[in-house]
Amino acid sequence: MKTLILRTASNYLLPLLLLFSVFILLRGHYLPGGGFIGGLIASIAFVLHAFANGLENTKSLLSTHPGFLMPVGLTLAVISGLAPGIFGLPFMTGLWYDEAIPVIGMIGSALFFDIGVYLVVIGVTLTIIFTISESA
Amino acid sequence: MLLAVLSGFIFALFLVPFGKVLKGKWSILLSVLPLALFIFFLQKIPQVIDRAILERNQWVPQLGINLDFNLDGLSLIFALMITGVGTMVFVYTSYYLKGHVYLDRFFGFLCLFMGAMLGLVLSENLITLFLFWELTSISSFFLIGFNNEDPASRKSALIALSVTGLGGLCLLAAGLVIHGITDSFSIVDMLQSSTLIQDHSFFMAVVFLIFGAAFTKSAQFPFHFWLPGAMKAPTPVSTYLHSATMVKAGIYLLFRLSPAFSGSEFWHYSLWCVGGATMVYAAFQTLFRDDLKSILAYSTVSALGILVFLIGLGTEEAMLAGLVFLLVHALYKATLFLMTGIIDHAAHTRNVSELSGLRKVMLPVAVAGFLAALSNAGIPPSFGFIGKDLIYEASMHTGIFPLISTVALVSTNVMLLFAGFLAGLRPFIGPLPTKYKDLQAGSPRLWVPTLILATLCLVIGLAPGLISNSLIAPALVALGIQDYALELKLWHGFNTVLALSATTIGLGLGLFFLLKPSLNREELMLKWEKYSPLAFFEGLGSLTFRFSSLWTGLVQNGYLRNYILVILLFLMALIGYGMWGNFHPNIDFSQLLELTLYETGIMAIMLSAIVFTVFTGSRLTAVAAMGVVGYSLCLLFVFYSAPDLAMTQFAIDTLTVILFVLVLYRLPKYLPFSDSRVRVRDGIVALGFGGMITLLALGVLSNPVVSEVSEYYSANAYKLAKGKNVVNVILVDFRGMDTLVEITVLVIAALGVFGLMKLRLKSRERIR
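Line by line, the protein sequences are chains A and B. Numbered according to my numbering, the first sequence spans residues 1 to 136. Numbered according to my numbering, the second sequence spans residues 1001 to 1768.
If we strip away everything but chain A, and leave its shape as in the complex, we get (with noise of 0.2 angstroms):
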């Protein structure tokens, strides 16, 4: 499917896609959205990258192998989840900064939480379809 419509709307798209993914996942406090849909949106960004470019092109793109972001972001959901124990709060209590950051908004733990889910959500579906695509 390497036509040139598709790969040259696909290199403008990649970066789009992964805008609007980021902006899913922010916006998911208050409004529909969230980690795992956001997590969805950038992996189809990189799939379709993949389907215009070629695995190969999509990969060195990437650099590091997708699966890396499974670890870190459970290890980020874990560590958000952990936090309130500093201050002796039980495990997953949500914490919150009480000024507004511009453009993020209100910060708080799950936030990094679903940032983790995010991650993780790219990560394992980068690494089903790429490995599936590898070996197929």
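You can take every hint at face value.
Each computed EDC-like pair below joins lysine to aspartate or glutamate, with the alpha-carbon atoms no more than 20 angstroms apart: (1) B/LYS1360 with B/ASP1438; (2) B/LYS1724 with A/GLU99; (3) B/LYS1724 with A/ASP98; (4) B/LYS1758 with A/GLU56; (5) B/LYS1722 with A/ASP98; (6) B/LYS1719 with A/ASP98; (7) B/LYS1435 with B/GLU1354; (8) B/LYS1722 with A/GLU99; (9) B/LYS1758 with A/GLU134.
To spell it out: a stretch of chain B is covered by chain A in this simulated footprint if at least three of its residues, at any positions, have a beta carbon under 8 angstroms from a beta carbon of chain A; those stretches are: (10) 1647-1654; (11) 1658-1669; (12) 1715-1728; (13) 1736-1746.
Derived by calculation from the structure, the hints in this document are not laboratory data. The C-beta atom is built at its ideal place from N, Cα and C for all residues, glycine as well.
Knowing the structure of chain A, use the given hints to seat chain B on it.
Then chain B, alone, in the frame of chain A:
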């Protein structure tokens, strides 16, 4: 005390990186650990004489499971045996297995085992007792199977593990039942509520389970067979496991719990029966053995039988005799085992019929063997004499068939005396064969520990005051026997007991001089082996094996379609059973919303896509049609205002189609592999399952909607979690734990895919 128990485990862990350095000539340094522990427990004696030391460490207080340790007289005796004999074994091993490739590993297992044993005898909590109990089984599995290139060794390790592991499960069950009765896992609590337990309707069950645990561990008939089998292990292991530790764990359990059960006829008579049968049977077996270790193994089983028998008698005298005999046996049996190891190490044979005159080449070993044989025979002034005196005393004054008890004990002791002399004396007397002229006793690291233990057999016999007030008296208190006029001494004057002892010694010596060891007699006995409990147990094992391979072939046959079929049918049966009789769909149709044009349209699209999927002749078309079904579903979610769900479903469906295409794209052209009958069957199952889910959905609809949870979430999403999107707040906050587990599962799935696809076995690693 926690550190003392855990030190074995910590040390074993420490050996993983540093073992390589220590397994050379410095390996003797490792004996510092058991020695330090021995001294630690030794200096606790004055405190323990005063009162038991109770140490509490919280572990899972919510469930009442705590690392509580109780150092009373009974635990102290066992702890000293474990660490004391342990020290000797550690020193001995450092030479015995010198230069062995896996010496560090061996010491690691020994440390683990010692830690587990200490935990076992110190635990004050039934659950931690069970944990340490199983840890001893597991670490002994490694020790017995240490020569893992020998199939026989592996097999006996496996048998030992399965028998003792089975007993461990009995112990767990017993602990849970006792918890059900007394509402506590604490052993002290349990012993205090003895009447509560004895009057409970589950009393018999508790006793049975405790027996299951103790008899398997302490090798009582008919579970005795694992112990002679475990002789495949290196000799230090046999010494450690069979003289002082592992097999005494069952005895410890019976001693420890006896205050709770004493008075119950069932308890006393069963122990009397089983212990009696074991001691006579195993002692009889020793007459037919030629292999030194085999003789010692059966005499160990017999000695354990005597201990169980004494606990069964249950009088104060019997308990005292049991405690003393425990020590007597540990000392002389460890000596004999170590001695056997030295002989085996030098002469490369353990057959008594081939060995003679070794005193001329290894005098210290001969002295040790002789002292141990004296103690084993109960000849004054050895420690064994005191033990035997007490045993006869106890059996004559018991309420349970005193005459039969005494006769059984005398005959057992006669045969044990024979066995002890055969092992401790026979290899050293007579002429020295020329082929053994150049033998040596080996390093002092071998014979010094042996001699120390042997000397103790004599010293304690001459000065019983060493242990009577410091060890035995506190142990009696721990067994609930207060203010016992304890007097250990060699000479009691001329009485019936002395006559019995003399008879035993006379008969035993007669037997020793009449019966020459020979291989033929051993073969005679082996003929009966196929009727033994071991053969039965092995038969059971192979039957399980056959059944499991049959079952695997039937259920786990590797065809995905069969798995799905089984899963669906099973679910249908389960749900159908659940709905049977209480399915009353009662739907108020006027409450439902009207069907809109959009919905009807989408339903039509879905239906036609499904029909298309089923009947199309191309895989890719089928996948695309499935995608259409998924997208239609997403639209339904959108109509019913579930945007989060719809978005996720959209993304998932896209990825699913991509995945399918990736896989299917490479497959050969679509061919009909299944005949029409299979397809009809599959169709029926699919329709049936779909119908069942529909019925289930209808059933759910007809129940009143419980909205409490969702109301709570929507009311508190902003208040508690500062989020306005309730769906996401549930995901990352209210039910964040679920999400955490879910993403973990996702990672595991991805790793599974990665492993399956990327794993390229070398041809020799493949099955078939």
